[in-house]
Amino acid sequence: MEEKFVIPGEIVATAEEFVPGKGTYESDGKIVASEAGKLTLDVKSHTASVKPRNPVTEPKKKDKVLASITDVRSSMAICDILFIEGAARQITGDAEATLHVSSISSQYVETVGSAVRVGDVIRAEVTQSQPSTQLTTVSAHLGVVLAHCSRCKSVLQLKDKSLFCSECERYEKRKIADDYGAVSVS
Amino acid sequence: MSYGDLMSMDLPEGLKLIDEEGKRLDGRRADELRPIKIEAGVLRRADGSAYVEMGKNKILAAVYGPRECHPRHLQDPTRAIVQCHYNMLSFSVDDRKRPGPDRRSVEISKIVGEALEYSIFLEQFPRTSIDVYIAVLQANAGTRCAGLTAASVAVADAGIPMRDLIPACAAGKVADTVVLDLNKEEDNFGDADVPLAYIPRTGEILLLQMDGHLTQAEFDRAIELAKGGCTTIYGLQQDALRRRYAFAGGDAQESEQEAGGNEA
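These protein sequence lines are chains A and B, in that order.
Just so we're aligned, residue 13 is where the first sequence starts under my numbering, counting upward by one.
Just so we're aligned, residue 54 is where the second sequence starts under my numbering, counting upward by one.
What the hints contain is simulated information worked out from the structure, not anything from laboratory work.
Being a predicted model, the structure only gives us computed values, none of them experimental.
Among the clues, some could well be false.
Stated by the list, open to error - DSSO-like cross-link-like pairs, simulated, lysine-lysine; straight-line CA separation at most 27 Å:
1) LYS90(B) - LYS42(A)
2) LYS16(A) - LYS90(B)
3) LYS150(B) - LYS280(B)
To be verified - Now the stretches of chain B that chain A is said to cover, found in silico as 3 or more residues with beta-carbon under 8 Å:
4) 68-75
5) 172-181
6) 185-198
7) 271-279
8) 282-296
Glycine included, C-beta positions come from ideal geometry on N, C-alpha and C.
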């Protein structure tokens, strides 16, 4: 295995010797880099690939994402992925994802609205990225990290393991993450 | 005095664009480029960015995406679209430039965007938009070329898969001589201006315009000069990206952490 830094347009190998892998393409019998990054010429599989230095971020399976709920339906909630936790840049492509009622909690959830509401920010794990992004919140660390009162829209506070609106003096039900309120959403 | 007035003005008396020794106003020979400086990754918030100085031109380019396409009706289910915005800042020229899009900047946005579209592997990111912003901080003729040069480095810096970097520069005719990389005086009082974007590796031409009149022979000479200029600029673009992602001394990890910390 040989490693080298390459730039888009740089000829990295010949098509007789290598197959274009990620970050490369074939043109006129030559393998050309299409991304700036570290070149790997794998002599075992005869693949030339480039590991980009600043890769685009697409949600992958097992990624933890922060998402805001945009719609609540009878069997699922539609969310917009805000960003992938730990990723340096905004996500690429369609940010829309769905959270099915069966993958909200390990306990029985009667209605989606009893676990998440429109406008809530949730931390979720990606369970599928193609053809559509599917999320799950089954885990203590996953669930709502920021919620607003459905009546007055003030931010709900964590009180007695439940969410409390100090304005309306009432409790609301959510599938809460273990660090509710301690997450920076911006 | 507006840009239009300058364009229609005759050569001021006593001003010689090319002297007896064949030197131009700024001391260059006919086939010489202005001094060029390219830097990649200058903006923290953008996914990719570049800064280009080409003589007195100062240009910033920022790339965002591929990201969700807005407005939605523009999105293409089979590929990404490139939305390029060329903008001259109000203080970029001698007289204040009226801010906002005008006929000229819409045209430049279109041609620069189309050149980039050719180079980027759009089909890898269906339904998305790649937004390219070119800000001209200081203009001195040849901003569309310098803008495209900057934008292509910014796209590469953003990690977007592309066929090749795109260098661009202009050639033209001044005082009956075909010259490379016109400056403002030469552009205003010269006879022709031919901006060209050209990929040296494949020989493909991605942008070609002509303002003014040239004979076939002069045109061929202009293209030849501009191709030479593009080849030089191409090397500088590569250097800029190499500097940005310098591998030497094992600082790769360090700069990666720095990149990760930017978000916080």
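Hint check:
no.: 1; hint: LYS90(B) - LYS42(A); verdict: violated (30 Å)
no.: 2; hint: LYS16(A) - LYS90(B); verdict: holds (25 Å)
no.: 3; hint: LYS150(B) - LYS280(B); verdict: violated (31 Å)
no.: 4; hint: 68-75; verdict: violated (count 0)
no.: 5; hint: 172-181; verdict: holds (count 5)
no.: 6; hint: 185-198; verdict: violated (count 0)
no.: 7; hint: 271-279; verdict: violated (count 0)
no.: 8; hint: 282-296; verdict: holds (count 3)
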